[in-house]
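Novice: Its first residue numbered 1210, the sequence shown is counted upward by one per residue in our numbering.
The reader is advised that the hints may include incorrect statements.
Listed next, the in silico DSS-like pairs over lysine-lysine satisfying Cα-Cα at most 30 Å (straight line) [as the list claims (entries may be wrong)]:
{"hint": "1", "residue 1": "K1275", "residue 2": "K1258"}
{"hint": "2", "residue 1": "K1246", "residue 2": "K1265"}
{"hint": "3", "residue 1": "K1274", "residue 2": "K1250"}
{"hint": "4", "residue 1": "K1216", "residue 2": "K1237"}
{"hint": "5", "residue 1": "K1246", "residue 2": "K1258"}
{"hint": "6", "residue 1": "K1246", "residue 2": "K1274"}
Hint data in this document are derived by calculation from the structure and do not stem from the laboratory.
These numbers were taken from a predicted model, which means no experiment stands behind them.
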Amino acid sequence: MTKFILKGIGAALAAGILVGGLAACEKKEGPGERAGKAVDKAVQDTGKKLEQAGEKIQDAAEDAKK
1210 MTKFILKGIG AALAAGILVG GLAACEKKEG PGERAGKAVD KAVQDTGKKL
1260 EQAGEKIQDA AEDAKK
């Protein structure tokens, strides 16, 4: 019975070490991932510029009403 418990503890420790080792490995991003991030940033920046332009148009329209 104690051999069974020791084997279980050993297996749990081995699994923990393997999982910990895999978690410690940092995957470096490749060129595709970097390009995707650049596209995402460009889309966000464009959206912000469009929003600002829309606000300026609304402000101009409100000023024209006065």
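Novice: Under the constraints set out in the numbered hints, which ones does this structure not fulfil?
Specialist: Violated: hints 3, 4, 6.
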